[in-house]
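S.K.: Each chain, written out:
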Amino acid sequence: MRFEPLLKISNLTRDFSPLIHCITNYVTVNDCANVLLAIGASPVMADAKEEVEEFVSISSGLVLNLGTINSRVANSMLLAGKKANELGVPVVLDPVGVGATKFRLETALQLLESVRFTAIRGNISELKTLTLGVGAVKGVDALEDDAVTETNIKAFGDILKPFAKRTESVLVATGALDLITDGESVLGVENGSPKMAKITGAGCMLSCVLCAYVSAVVKSQSPFSMLETAAAATCAFGFFGETAEMNYRGIGSFRSALLDAATVLSGDDLVNCAKIKRI
Amino acid sequence: MRFEPLLKISNLTRDFSPLIHCITNYVTVNDCANVLLAIGASPVMADAKEEVEEFVSISSGLVLNLGTINSRVANSMLLAGKKANELGVPVVLDPVGVGATKFRLETALQLLESVRFTAIRGNISELKTLTLGVGAVKGVDALEDDAVTETNIKAFGDILKPFAKRTESVLVATGALDLITDGESVLGVENGSPKMAKITGAGCMLSCVLCAYVSAVVKSQSPFSMLETAAAATCAFGFFGETAEMNYRGIGSFRSALLDAATVLSGDDLVNCAKIKRI
Amino acid sequence: MRFEPLLKISNLTRDFSPLIHCITNYVTVNDCANVLLAIGASPVMADAKEEVEEFVSISSGLVLNLGTINSRVANSMLLAGKKANELGVPVVLDPVGVGATKFRLETALQLLESVRFTAIRGNISELKTLTLGVGAVKGVDALEDDAVTETNIKAFGDILKPFAKRTESVLVATGALDLITDGESVLGVENGSPKMAKITGAGCMLSCVLCAYVSAVVKSQSPFSMLETAAAATCAFGFFGETAEMNYRGIGSFRSALLDAATVLSGDDLVNCAKIKRI
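Top line first, the protein sequences correspond to chains E, S and V. Using our numbering, the first residue of the first sequence is number 208, and each one after it goes up by one. Using our numbering, the first residue of the second sequence is number 208, and each one after it goes up by one. Using our numbering, the first residue of the third sequence is number 208, and each one after it goes up by one.
Do not rely on the hints blindly, as some may be mistaken.
Same chains, same label: a pair holds when it works inside one copy or across any pair of copies.
Stated by the list, open to error - DSSO-like, lysine-lysine: derived pairs with alpha carbons at most 27 Å apart:
no.: 1; residue 1: K372; residue 2: K426
no.: 2; residue 1: K426; residue 2: K402
no.: 3; residue 1: K256; residue 2: K309
no.: 4; residue 1: K309; residue 2: K426
no.: 5; residue 1: K368; residue 2: K484
no.: 6; residue 1: K426; residue 2: K361
no.: 7; residue 1: K289; residue 2: K309
no.: 8; residue 1: K405; residue 2: K426
no.: 9; residue 1: K289; residue 2: K405
no.: 10; residue 1: K289; residue 2: K372
no.: 11; residue 1: K372; residue 2: K484
no.: 12; residue 1: K290; residue 2: K309
no.: 13; residue 1: K290; residue 2: K361
no.: 14; residue 1: K289; residue 2: K256
Please keep in mind that the hints were generated in silico from the structure rather than gathered at the bench.
Using the sequences and the accompanying hints, generate a full structural model.
M.R.: Following this line, the structure appears as structure tokens:
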């Protein structure tokens with residue numbers, strides 16, 4: 208279907224080229240930097256406590272990704288997140304593997320207590336863990352029991368809504384069917400390719416794209432809600448995956464093709480690709 | 208030649224999808240995660256002392272890679288390795304550049320003293336260094352004098368066998384000709400492409416594939432010896448390289464093609480590719 | 208135009224295969240390792256204070272890149288740089304984002320005070336910041352006001368020359384038009400593709416290529432000046448980009464094609480590609 212925000216926000220991102228400060232894991236950091244460049248944003252990766260606040264001060268958005276968190280970097284995330292809140296810089300949280308260890312859960316909960324996030328993106332197991340304050344995640348993938356489907360998306364939405372409301376964040380739970388909620392409405396997004404779960408970094412990259420879209424909207428004072436903005440980012444990134452899948456030969460070339468799609472697809476290409484449903 | 212374990216173990220890896228916890232270097236970590244996904248395993252990379260033991264507890268295998276080791280992460284490796292031994296989770300050591308500095312050698316020897324490794328994979332210089340407790344390696348590549356050939360593989364096997372026996376580990380020394388020994392038998396594997404030495408990360412990736420294969424065998428209680436399992440991993444990864452080399456245009460596309468081959472080749476494709484010889 | 212050093216130095220790099228020790232950021236480190244392998248050099252990445260001096264002792268060149276600097280690694284850089292100076296190992300500085308934060312500027316200035324660099328490569332904003340001791344950089348990209356053009360290259364050369372003289376370093380300021388100076392002469396290099404600014408890591412990779420070229424010249428005691436050597440590296444890397452751009456489909460495949468070009472282009476291919484002008 209035609210989804211106007213896709214056209215507008217992807218163009219805004221290219222026009223305003225927001226600088227996105229990522230404190231992120233060392234596994235997928237290169238893909239994160241490249242996907243930001245591909246969509247017209249500008250990445251900066253820095254994690255030293257001595258400088259993260261200064262980087263936030265010149266940035267339009269901040270991504271905090273727990274992928275390879277340690278106590279030194281957790282402290283930098285806290286400093287950066289608080290500074291971002293002070294300055295009105297939007298912050299996106301990616302709570303990678305948050306249910307897998309106590310340390311991850313405590314780090315995430317401490318961040319949630321001290322920092323207001325504009326958006327939180329994870330798989331459904333990660334978001335359920337944050338919602339309930341406890342959880343069990345097998346590594347960094349969602350549990351199979353937790354798969355969001357057409358049948359249960361409403362029920363999952365009901366579980367996540369109070370958390371979205373309490374944190375004043377838009378939640379993006381990605382999977383075969385993506386669930387997005389701002390605490391009031393729930394959207395389902397079907398864009399994407401099953402191959403995206405077969406490379407490392409698809410989730411991390413989407414969190415960066417989401418932050419860039421949010422930042423472009425805030426920076427340009429455009430009249431899009433964060434729900435629409437999150438949906439636009441999720442559709443766009445999903446469509447990059449659909450495009451990349453067309454000549455699938457394996458995950459090496461797929462990853463490369465995903466970045467190619469992110470580079471060349473414009474708002475005009477994207478605007479009619481959305482597979483969104485209001486739940 | 209036909210080598211049945213190749214068919215069986217590569218299928219087991221896809222069926223059991225073992226979670227492999229890697230404490231590894233930040234140079235090739237992305238390739239390590241992607242190659243694990245490509246062969247059907249699931250990667251988790253985490254190195255904080257606060258959580259590595261918990262990650263080991265939910266994992267089927269652990270890889271310790273010294274590529275960019277520092278004292279903080281060395282400590283995490285020690286904790287993770289001991290926990291893995293406690294729980295019967297197989298551990299693979301990749302002693303990158305171990306002969307190059309005192310710090311690396313001491314770290315490796317301390318790990319060997321405290322942790323029992325199911326398999327150790329390195330180049331022949333690295334394994335000789337561990338065997339002799341001293342060494343000289345030029346960076347992270349094997350010394351030319353140390354190249355394993357048809358002529359000297361028996362002699363090299365005799366050098367490594369006592370170390371394999373003492374550590375109860377299968378040793379995999381990779382090069383143009385790979386040498387595998389469990390302390391009793393010695394195998395030579397000729398699969399592979401000379402281009403694999405021309406990208407960064409081929410060794411690191413094989414260590415991960417090896418760990419995934421070992422973990423799949425252990426998890427499924429399959430009746431393969433660790434010698435056979437190590438040979439299967441080495442043949443398979445070598446064959447990925449042979450396949451990737453077919454349209455060689457340089458190391459950028461070769462690296463991508465290597466991951467593609469790892470994604471699409473099934474046990475049926477692999478079973479007849481083995482170039483193994485009992486020495 | 209024909210530029211003899213391009214032929215000679217790129218061949219020297221393949222013949223002498225210098226080991227290049229990089230203390231660098233975790234964003235682009237994989238590309239740095241691969242580009243060094245592509246041009247025939249050998250990379251080692253290690254950053255622990257316990258071992259960097261030993262790695263320097265067996266290396267032919269050292270790259271210090273501030274991309275994701277923290278205090279632990281800054282200390283290792285200082286140790287490695289001093290050791291390199293002691294041993295006559297050439298050192299290249301890449302002051303990524305140096306004007307963006309006080310911590311980066313102080314770290315860079317402390318390195319400049321304690322270590323003599325053979326070459327310093329950055330964008331023009333970064334080099335101006337080092338020259339003036341203060342600066343404002345938007346993240347890791349050059350400010351638009353700072354773009355070097357045919358019209359202002361002489362003026363920029365005049366700004367940088369005293370800094371080159373004082374530090375006894377060759378300066379390489381890259382952008383659409385690259386400026387190279389040893390404090391006496393100024394060269395302009397037009398090789399390159401605008402797509403290089405659209406991937407992460409082009410600058411970091413050039414710093415590594417530059418270090419490899421410098422190291423090959425020093426190691427082989429070849430009679431090329433550091434100005435010529437820096438120009439050769441800049442032309443060569445720019446030409447890799449021109450070659451990679453030919454089938455441009457997006458930044459994923461471009462990055463891969465850049466490494467392919469670096470792999471397959473020989474001195475004979477490069478020697479006539481130079482677009483250099485003495486200013």
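S.K.: Work down the list of hints and note, for each, if the structure agrees.
M.R.: Do the hints match the structure? See the list:
Proximity of K372 to K426 under the C-alpha cut-off of 27 Å is restricted to the intra-copy arrangement: shortest distance 24 Å within a copy versus 43 Å between copies. Taking the closest pair of Cα atoms, K426 and K402 come within 27 Å of each other only across two copies (26 Å); inside a single copy the shortest separation is 33 Å, beyond that limit. When the C-alpha separation of K256 and K309 is checked against a cutoff of 27 Å, the pair qualifies both within a copy, at 23 Å, and between copies, at 12 Å. With identical chains, the CA atoms of K309 and K426 are at most 27 Å apart between copies only, with a shortest distance of 25 Å across copies and 36 Å within one.
Proximity of K368 to K484 under the C-alpha cut-off of 27 Å is restricted to the intra-copy arrangement: shortest distance 17 Å within a copy versus 61 Å between copies. For a Cα distance limit of 27 Å, the shortest separation of K426 from K361 qualifies neither inside one copy, at 33 Å, nor across copies, at 37 Å. With identical chains, the CA atoms of K289 and K309 are at most 27 Å apart both within one copy (23 Å) and between copies (19 Å). Within a single copy, K405 and K426 get their C-alpha atoms only as close as 34 Å, which misses the 27 Å cut-off; across copies the closest is 22 Å, which meets it.
In this assembly of identical chains, the alpha carbons of K289 and K405 never lie at most 27 Å apart, being 34 Å within a copy and 31 Å across copies at closest. In this assembly of identical chains, the alpha carbons of K289 and K372 lie at most 27 Å apart only when taken from the same copy (20 Å versus 43 Å across copies). When the C-alpha separation of K372 and K484 is checked against a cutoff of 27 Å, the pair qualifies only within one copy, where the shortest distance is 21 Å, while the shortest distance between copies is 62 Å. For the homomeric pair K290 and K309, the shortest alpha-carbon distances inside one copy (26 Å) and between copies (16 Å) are both at most 27 Å.
For the homomeric pair K290 and K361, neither the shortest alpha-carbon distance inside one copy (36 Å) nor that between copies (41 Å) is at most 27 Å. For the identical chains of this complex, K289 and K256 are neighbours both inside a copy (13 Å) and across copies (26 Å), given an alpha-carbon limit of 27 Å.
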